[in-house]
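**Student:** Protein sequence lines, in the order shown, are assigned to chains A and B. Taking our numbering, the leading residue of the first sequence gets 2, the next gets one more, and so forth. Taking our numbering, the leading residue of the second sequence gets 125, the next gets one more, and so forth.
If you are wondering where the hints come from, they were derived from the structure by calculation, not from laboratory data. Since we're looking at a predicted model, the values are computed, not measured. Careful, some of the hints might be misleading.
[Stated by the list, open to error] Calculated cross-link-like contacts (lysine-lysine; reagent style DSSO-like; alpha-carbon spacing at most 27 Å): (1) A:Lys58 with B:Lys150; (2) A:Lys58 with B:Lys180; (3) A:Lys103 with A:Lys10.
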Amino acid sequence: DSGVTQTPKHLITATGQRVTLRCSPRSGDLSVYWYQQSLDQGLQFLIQYYNGEERAKGNILERFSAQQFPDLHSELNLSSLELGDSALYFCASSATGARGEKLFFGSGTQLSVL
Amino acid sequence: SQQGEEDPQALSIQEGENATMNCSYKTSINNLQWYRQNSGRGLVHLILIRSNEREKHSGRLRVTLDTSKKSSSLLITASRAADTASYFCATDQTGANNLFFGTGTRLTVIP
Numbered sequence: 002d003s004g005v006t007q008t009p010k011h012l013i014t015a016t017g018q019r020v021t022l023r024c025s026p027r028s029g030d031l032s033v034y035w036y037q038q039s040l041d042q043g044l045q046f047l048i049q050y051y052n053g054e055e056r057a058k059g060n061i062l063e064r065f066s067a068q069q070f071p072d073l074h075s076e077l078n079l080s081s082l083e084l085g086d087s088a089l090y091f092c093a094s095s096a097t098g099a100r101g102e103k104l105f106f107g108s109g110t111q112l113s114v115l
Numbered sequence: 125s126q127q128g129e130e131d132p133q134a135l136s137i138q139e140g141e142n143a144t145m146n147c148s149y150k151t152s153i154n155n156l157q158w159y160r161q162n163s164g165r166g167l168v169h170l171i172l173i174r175s176n177e178r179e180k181h182s183g184r185l186r187v188t189l190d191t192s193k194k195s196s197s198l199l200i201t202a203s204r205a206a207d208t209a210s211y212f213c214a215t216d217q218t219g220a221n222n223l224f225f226g227t228g229t230r231l232t233v234i235p
């Protein structure tokens, strides 16, 4: 168990809808990362937060947004969903958010857009 | 793409044999990490090697890094059925703010 908790584990929704994925980092970790894993794109970095502030941004679509709350949990909001958004979404955390730090991953949220 | 590439894409071996996976990348790095992913689960960090290191060991794992060739290898010795998983390299690239993951090697260890 990595100590990173993600909910829900599975999500099935329709095109055009909006969903929220939730992540609680390991106790004491200040930084949270979101990754998208799909068969054709591999593991893609979306966004990183450190202590409530956005630190780095990757291939995150404008339809997607995220935030990290004062209690350090994070949410990833996906809106106007398309079939191609179906993927496994991972949250990871690290102690300080320093570059190259090892990451602890949650078990992921499997999103299916029908 | 800034992603690394693992080779082979898939590897099937008998229990007790050694498994070697390779990772190639394109830019300068500060460190390289290897992660394991069991089917449908989260990634688990295995080992980190810094750019000024050439070899590192952790239990049955041996990682090498050749920065001149921009490549790394992960050797798992005396493999077990429980080693069946996908293995990813991740690079901390100079000038970038996040880890870039490779495409992964799917390892199957046959009991």
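**Student:** Compare the structure with each hint and give your call.
**Tutor:** Hints, one by one, checked against the model:
| no. | hint | verdict |
| --- | --- | --- |
| 1 | A:Lys58 with B:Lys150 | 21 Å, holds |
| 2 | A:Lys58 with B:Lys180 | 31 Å, violated |
| 3 | A:Lys103 with A:Lys10 | 23 Å, holds |
When the structure is compared with the earlier hints, a violation turns up for hint 2 alone.
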